[in-house]
Amino acid sequence: MASRRDFLKRALAGSAAVAGAATCTDASARGNAQISPDAVGLLFDSTLCIGCKACVAACKDANGLPLDYATPIEAAWDVPVDTTAKTFNVIKAYVDGTGRNKDQVQDGYAFMKSSCLHCVDPSCVSACPVSAMTKDPVTGIVGYDPDACIGCRYCVAACPFGIPKYDYDSPTGKIGKCELCRHRLPEGKYAACAEVCPTGATLFGKVSELKAEAKRRLALTPGAETTWPRGNLTTGDQPSWNGPAPAYVQHIYGEKEVGGTQMLKLAAVPFEKLGHKPLPERSFSSQSETLQHTLYGGLVLPLTVLGVMTWVAKRNVKHDDEDADVGRVSTRQAAAEGDGRLKPTLRGERAQREGDKHE
Amino acid sequence: MVSSSNDHPGVVATARPVEKRLEMSRRSFMQFCATLATTLGLPKGAEAAVQQAMEAAKRPSVIWLHFQECTGCTESMLRAEHPTLEKLILDVISLDYHETLFAAAGHQVEAARNAAMSANKGKYLLVVEGAIPTRDGGVYCKVGNKTAIELTRECAEHAAAVIAIGSCASWGGMPSTDPNPTGAVGVNKIIDKPVVTIPGCPPNPYNFLATVVHFLTFGSLPPVDHLNRPLFAYSRLVHENCERRAHFDAGRFALQFGDDGHRKGYCLYKLGCKGPETYANCPTVLFGDAGAGTWPVGCGHPCIGCTEEGVGFTKPIHMLAKVKNVEPPAMYPGLHESQGQGATLGSAAVLAGVAGAAAGAGAVLARNLGKQHAEAEANTDKSEV
Amino acid sequence: MSNHAHAAPAPVGGRLLSPVTFVLGVLILAALAILAVRFIYGLGAVTNLNDGYPWGIWVVADVVIGSAFACGGFSVAMLVYIFNKGEYHPLVRPALLASLFGYTLAGVGVLFDLGRWWNFWHILAPGYASPNSVMFEVAACISLYIIVMWIEFSPTFFEKWGMKDAKRKVNKAMFFFIALGTVLPMMHQSSLGSLLVVFGTQIHPLWQSIVLPLIFLISAITMGYAVVLFESCLAAAGYRRTIEMHLLTPLSRIMLGMLGVFLAVRFGDLVFRGALGYAFEGSLQAAMFWLETACFVAPFVLLRSEAARRNPARLFVAGGLLMLGGVLLRINAFLVGYDTGEGWSYFPSVPEMLVTFGMFAIEILAYIVITRRFPVLPREDAAHGAAH
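Chains as they are written, first to last, in our numbering: chain E, 1 to 359; chain Z, 360 to 744; chain S, 745 to 1132.
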């Protein structure tokens, strides 16, 4: 029989294995994913946004989405309060006090586009167990395949920006999120929101070029006249316009957040006030995958533990057999079981009687 | 052509002299009064007050000065249709001085102006059309050897009210555009009296007319905004009532003159339409009484913002407008809207009930177990003893 | 206590229909009716799930907590076969039974919650399955473990139906399934914690940690022992049997030992990350943290002396509180400590709760039916003999 010492020894060994597995994170650590050189994305400039919601309407049109409303009273209009499974793009407003002055923190207002940021290292793709969320290796667009999806909504929960949304009102509900109009790219078109934006507040283009444009804007002197491109920055398909530069917050949101996003944002009001919490530079998916691959990389650790367990169990089960505990049927046990099987009803009745006696 | 004002006593005994004067039927006259009352945004029944005022009030004497301008305002006035405005100007009011419409010239008209001003001291209306040059002592605009500054001050001194018609008189307009060589300014920079401004290039004749009729009817000028523009005409952005607004909201824009979107009547915002930052009632009142679509945007040209100081004649036509009507944003979702269903009385009660029942059952069970244990312990003790 | 010649398991017998089973049946029917509505009209028709809280009690209670409750089989099997504590053998079968149903229902419960359930096989299908996903790991291990557990439990059925041959064959390979049956739950119980790592800063610092897998694993093992204590007392009271105090008293010591390890890891991690300060803020999260911690510490107070550990009432309450602590840890980590952005709220709807209650009702009903008809619990008279 196992002594107390044996038990302690094994307990120690077992917990050491588990603890070791959990703590040695260097074995298959991976850093943030790197962006594709041909990645496309959007540059949203809150200071240029006039709140016309043309992008919201164009998005619905391009993706064939139905009207969406928060309450039955507003059923006549498309007035979603947030992105939903039926609304991939929403213009939200920051309002303070009288809300009369654009891009001011006090007594001001500012607009913010809420849509998928197309992370360079997306949590939703890492979370998805069935590869329904995918990251295009070339364009970097985070796409969704409803035919693969099992509807577990891990992506909904995992996204740090709260972007993928599920349709709870349908028995066959799908996830809905911006896919950067990837169905329009083969037609030579680009994101509908950028195409219709009248001021170039939403600009489509290669991420490298968008980043350069964002940096150019941050370097502008407030009030200085400058040129604002519209539509597709890379192809320059729409005429630009001239206007004064605003006083930007010196931060490109999405440059570094959770390993970078392919949608970059500029604003004149601190991003925290625009619903964008500060996020670490290390992507959450790289942390999760490092942990998983450390524990399960090549199944080395589980198979080792299984091997040890099998060896120990084999020894102990045999040992049990000798003791007529379980496992191989020993004579003693067979007799005992035979007895048990012979009179199950009798035993049951007796138990019943005993129970009655107690009452 | 100048009507003689002194032989009109105001109240005329003969039946319906107004209709006679205006050469219109009673029905048309009533329609006219109703139109003006509506333009002014007056409540139901006000057309009767307008009609009474028009019939009964003495025609006010009007002095109309012209300075740095193109006479577009007057031309526009002459093309009003309900009724033909020249009749109204000549017959509803007593236009005692108007350089464009004068038959006479020279000292004769200056004498008429002085006569009217002294006869109606403190009662006449002063209308100013055109900007007033101030540089070099105002030498860039003189009438009858008097500078525009002198004339304005002289006429305004005993005027019952001063109306600046057109953008030039309102704030300087086109002549004041950078570099503004003549130092052109609006009437309000020259005199201390409050000036009602009817900006526009040209302004809508009905806005002017309604202002005058308001004065006739109520004896005062209509309420104005911070730029002294009558609120009934200038409290809404062109953008708010624009017939192309739906295209703006849907993101359908003309990108170039003559392109597909332009032909389809899409929104002109991307072409530089200043409707979103220009306060005027152009989309609702329209121009020239020729029916629907007779205003710049209706004809396919972006609004240039002529009623708005700092926009019209200042901002290039192609430059994008600053959209003003979004403040404060009411129809935009906030950054953190409350969503989802929290605990209701029912759901909380069910959970609390089940938790309570479980805890209760657990407590009863634990007590029984404790009792049994105590008994067992006692028995063991006994047997050991 | 040193007598290891255990009584062979035997059916308890007795009537199946009783007020308890009747109530359980009604709860199950109600849950089935609600599930019918859910499958016809969608999740939103019966649940309060929303995009701020896409995972509600169906995931957290039915799957995460349900499977943690079902760790009794794994914990006891590990004790008996890996740490060679043969004396606990009589506890294996009942614990395994509870586990079997716990896990099977957790697996079925997942299907209720899956929005596109007809695709569920994708999770294990090559071409779809994504090994980067923690969810994949959980799904693979739970599916495999359910099969392994049915095999582990199969001798009970073979005994009942007299299939000696089959039983012998299975028993020959049993050591491997037992080993597999300890490794698989270790993998997915830890991964249920790893699920939250990718949520990043959306999880409150009191719960978000890279050692979450370890915390969830140890707490699951501890809960496994607590469930055995709790369930043994409950079964004894329900069937008016003698409580196996000679097994439960030492088991409670092992439980306290594991609990000590758990608290050391839990607080060591909080201190190491510098997150303990959040526990002293005036927030709901801090309050829930202390409630959770109180439930974990309470067993130490209740079972501080050997005399106390011999008292079944104390074992029962301590086991119950520890289970509650484990429940709170999971609810806190998945729901209370989860914040996807301001403005979102969630509280389970009544139908949603009824389905969860129905799931637990199925579990209890199955336990009653099987223990009354199949040889699971140790034979009563033998147990008596061992106790005296």
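Derived by calculation from the structure, the hints in this document are not laboratory data. For glycine and all other residues, C-beta sits at the position ideal for the given N, C-alpha and C. Hints should not be assumed to be uniformly reliable.
Ranges of calculated distance between the beta carbons of each label pair, as one might list FRET restraints [unchecked claim]:
{"id": "1", "chain 1": "S", "residue 1": "V1094", "chain 2": "E", "residue 2": "G223", "range": "57 to 67 Å"}
{"id": "2", "chain 1": "Z", "residue 1": "A714", "chain 2": "E", "residue 2": "K189", "range": "51 to 61 Å"}
{"id": "3", "chain 1": "Z", "residue 1": "A464", "chain 2": "E", "residue 2": "N101", "range": "34 to 44 Å"}
{"id": "4", "chain 1": "E", "residue 1": "N101", "chain 2": "Z", "residue 2": "G650", "range": "38 to 48 Å"}
{"id": "5", "chain 1": "Z", "residue 1": "A708", "chain 2": "S", "residue 2": "F1024", "range": "27 to 37 Å"}
{"id": "6", "chain 1": "Z", "residue 1": "G699", "chain 2": "S", "residue 2": "F901", "range": "43 to 53 Å"}
{"id": "7", "chain 1": "E", "residue 1": "G223", "chain 2": "Z", "residue 2": "Q467", "range": "24 to 34 Å"}
{"id": "8", "chain 1": "E", "residue 1": "K189", "chain 2": "Z", "residue 2": "G650", "range": "55 to 65 Å"}
Take a look at whether the Cβ-Cβ distance between V1094(S) and G223(E) falls inside 57 to 67 Å. Holds - the Cβ-Cβ distance for V1094(S) and G223(E), about 59 Å, lies within 57 to 67 Å.
If I claimed the Cβ atoms of A714(Z) and K189(E) lie 51 to 61 Å apart, would that claim hold in this structure? Distance hint for A714(Z), K189(E) holds at roughly 56 Å.
Just to be sure I understand the hint, the distance between the Cβ atoms of N101(E) and G650(Z) should be within 38 to 48 Å; is that true here? holds (40 Å)
Please check whether A464(Z) and N101(E) have a Cβ separation lying inside 34 to 44 Å. At 53 Å between Cβs, range violated.
Please check whether G699(Z) and F901(S) have a Cβ separation lying inside 43 to 53 Å. holds (45 Å)
Take a look at whether the Cβ-Cβ distance between G223(E) and Q467(Z) falls inside 24 to 34 Å. violated (54 Å)
27 to 37 Å was suggested as the range; check whether the CB atoms of A708(Z) and F1024(S) agree with it. holds (32 Å)
Given the hint of 55 to 65 Å, check if K189(E) and G650(Z) actually sit that far apart at their C-beta atoms. At 39 Å between Cβs, range violated.
Of the numbered hints given earlier, the model fails hints 3, 7, 8; all others are met.
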